[in-house]
Amino acid sequence: MDELVNKRINEVLKGNHEAFEEIVTMFQHRLYQVCYRMLGNRQEAEDIAQEAFVRAYVNIHTYDQKRKFSTWLFRIATNLCIDRIRKKKPDYYLDAEVPGTEGLNMYSQIAATGDLPEEEVEKMETQERIQYEIGRLPDKYRSVIILRYMEELPLQEISDILELPLGTVKTRVHRGREALRKQMGNM
Amino acid sequence: MNTCRESMIHYMHAYLDGDISRDEERELKEHLAVCPSCKEMMDELQSAVSFLQFAEPVKAPEGFVSGVMDRLPKEKPKAGIHRLLRRHPLIAAAAMFIILMSATLFSSYNNQQFSVTKQPNLVIEGETVVVPAGETVKGDIVVKNGNIRIEGEVDGDVTVINGSKYMASTAIVTGKSEEIDKAFDWLWYKIKSTVKGLLPTSDTGKDGDSHTDSE
Ligand SMILES: [Zn+2]
Chain L
1 MDELVNKRIN
11 EVLKGNHEAF
21 EEIVTMFQHR
31 LYQVCYRMLG
41 NRQEAEDIAQ
51 EAFVRAYVNI
61 HTYDQKRKFS
71 TWLFRIATNL
81 CIDRIRKKKP
91 DYYLDAEVPG
101 TEGLNMYSQI
111 AATGDLPEEE
121 VEKMETQERI
131 QYEIGRLPDK
141 YRSVIILRYM
151 EELPLQEISD
161 ILELPLGTVK
171 TRVHRGREAL
181 RKQMGNM
Chain G
1 MNTCRESMIH
11 YMHAYLDGDI
21 SRDEERELKE
31 HLAVCPSCKE
41 MMDELQSAVS
51 FLQFAEPVKA
61 PEGFVSGVMD
71 RLPKEKPKAG
81 IHRLLRRHPL
91 IAAAAMFIIL
101 MSATLFSSYN
111 NQQFSVTKQP
121 NLVIEGETVV
131 VPAGETVKGD
141 IVVKNGNIRI
151 EGEVDGDVTV
161 INGSKYMAST
171 AIVTGKSEEI
181 DKAFDWLWYK
191 IKSTVKGLLP
201 TSDTGKDGDS
211 HTDSE
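In order, the protein sequences belong to chains L and G.
Each residue of the first sequence is one higher than the last, beginning at 1 in the numbering used here.
Each residue of the second sequence is one higher than the last, beginning at 1 in the numbering used here.
Chain G with its partners taken away, still in its complex shape (with noise of 0.2 Å):
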């Protein structure tokens, strides 16, 4: 082995990089033209890399654009609605879905039949929904087209849908009391339990809800 190679070797890499300065290039080619084993592995360095550049160039086969084309997601992500609901049928499903089910809520708010949440010890008299004074509800109570009259205590939220809610003094309410009176109120509150309901399942929410805003 040749000890001068340790320090040739970077003035021969420097000179394939043309990063090599004057003097530098005249050391080498003066080491080159009397150091046999130095001139042996410069030739070796430029074979190797000039053997590479006889590669021919090599081209994309027939159809590679069209391929690409086809692998594009079909959506940029700024799309309009319009194409949205025309690309997803799935999305207009829904939101029809939620239109229609809008009017049902609606006939519903209409529908006068009075109705409340089966609880123990509540008294019902007529439709007036009584409880009682030094008595406990452990739970919700939702009252529909009639009145609540409250003496003793509730334990949970009391929510009044189309109907009046008295309180006496000495009633007591734990959780949220609501009365709910306007058919706007009574749709938003009836779709806010339904969605509540629906999110976990549904995957297209947050496109679903960004249409229904539009409507």
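With the rest of the complex left out, here is chain L (with noise of 0.2 Å):
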């Protein structure tokens, strides 16, 4: 895999456009897939996955042939998931209080919002439940969550992808499943 993936790369390095396109057809799912766990939204996984592919073109004299192709992508396509997300978040004060709502502030006011009633959770098909409970991960857990148990990387590539120390990568691993493990309670 990764040697026939050097192979396109280097003709990439020449000038050759359509092997590029093998490259894409090659890591489209599984690009496609983190960004989709990430962000939540099928239109936002699509812009944000391609590009990602777009970055790694643009860059890729840049790229290091001893090392993964996958891990470097992944990151470029993190990376922009991280900023999209961040981007999203209004930016004033999450803990000032809302005007004309005495003792409550912004988190419980998106706690209201976020959360869904139990009895909605109960009604979730599988598939969106999983997502659901991905989606109210904070979002240096998720990254590590989807990364460890959706994509099942071992700990070191997630430490090289998201350019985290590995006991970092295991801390955020521990409380990731701390927190999965208390929103879900006992199913």
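These aren't lab readings, by the way, just hints derived from the structure by calculation.
All values reported here derive from a predicted model rather than from experimental measurement.
Any given hint could be a false lead.
Lysine-lysine pairs mimicking DSS-like chemistry, simulated, CA-CA at most 25 Å apart [as the list claims (entries may be wrong)]:
(1) L/Lys14 to G/Lys74
(2) G/Lys176 to G/Lys144
(3) G/Lys74 to L/Lys7
Interface residues of chain G toward chain L, partial, derived using beta-carbon atoms under 10 Å [stated by the list, open to error]:
(4) His31
(5) Ala55
(6) Phe64
(7) Val65
(8) Met69
(9) Leu122
Ideal placement from N, C-alpha and C gives every residue a C-beta, glycine not left out.
Since each chain comes alone in its own frame, lean on the hints to assemble the complex.
What follows is the structure in structure tokens.
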């Protein structure tokens, strides 16, 4: 696989546009899937995954062929996803009180709209529920949990993708699992 | 709340990461057998992560690949000059403009008419411009197809195109003094001053320049 990928990359570097199409074809589903899990929205996932391939193409000369191509590609995509998630967050202070709602701050407002009532959650189909639970995870746990349990990547590879020390990745996996457990209670 | 949890929680995660020693694993299992609250927590952790593994693979939509290909920048930086010209008619037009302009400039070189920058206190004698002794001309002087004789002072540049310059012993020129009498020099001088005027509004400057070099 990696040998074939590097062969195609060398062709892209020589100016062969079509060789890149083969690379996109090889990785499209995996990359789209990661973006979809991170963002929870099909349009956005398509947009960001395509953007990730465009950035990979433009910066292909910076890719080190001794390393795994998928790691490099996933790094581009997860960075774009994290940026997109951050941009969607309101920049006002979350713990500021909402005018006219005594004692309620932004956290409780978001909790009130972001989390669905229990009956609603119980009616969800499995696939919908999975995406719902992932979406409720704080984003720094979300990325490691997706890469660990949905992409089934080893911790070391996750550390390479996210450019985080291995110890940090382990801590985030632990906290992410703990957050999931608390969210889901006894299913 | 069970007090053993804090010490056991680490083992649980280490176990789930496959990052646990044989001894630690035995210790954990023995504890889970006797402690219902730790057993419950371990079960919840395991079911939470195994629930995620029910996730069905998600596929990129139809047309995803062609969508990427459409979004790629059309030119790689090292593209050949021919492709560049074919795909960027604007640059080609700019190059053509410069070529045509050069031709125009050559013909204006051959225009033999005498001319001089208008400055007060310059004296013109036929086709010779005189800066009289004891006078100071403030500003640049350009003389075309004629001569200049400097007896006084010029506070600026003196350029003589297709002509000669005489400097009296009393002459003073504070700026640059240049004589241009070869067609090439003249062309170069003209391009320099024209391009200087064009540059601020030209955004294809770099490509245009590298192109004219190859002409
Ligand atoms: Zn216990």
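Going through the hints against the structure:
Between lysine 14 of chain L and lysine 74 of chain G, the direct Cα distance comes to roughly 15 Å. Compliance with the 25 Å bound is thereby established for this hinted pair. Of the pairs offered as hints, the one joining lysine 176 of chain G and lysine 144 of chain G holds, with about 16 Å between alpha carbons and a cut-off of 25 Å not exceeded. Proposed proximity of lysine 74 of chain G and lysine 7 of chain L is supported: the alpha carbons are some 22 Å apart, at most 25 Å. Residue-level restraint check for histidine 31 of chain G is violated (minimum Cβ-Cβ distance to chain L is 18 Å; threshold 10 Å).
At its closest, the beta carbon of alanine 55 of chain G sits 5 Å from a beta carbon of chain L; the interface hint therefore holds under the 10 Å criterion. Below 10 Å, beta-carbon pairs count as interface contacts, and phenylalanine 64 of chain G has one with chain L at about 5 Å; its hint therefore holds. For valine 65 of chain G, the interface hint holds, the least distance from its beta-carbon to any beta-carbon of chain L being 5 Å, beneath 10 Å. With a least beta-carbon distance of about 6 Å to chain L, the hint placing methionine 69 of chain G at the interface is held under the 10 Å criterion.
A least Cβ separation of about 59 Å between leucine 122 of chain G and chain L goes past the 10 Å threshold, and the interface hint is therefore violated.
The earlier numbered hints that this structure contradicts are 4, 9.
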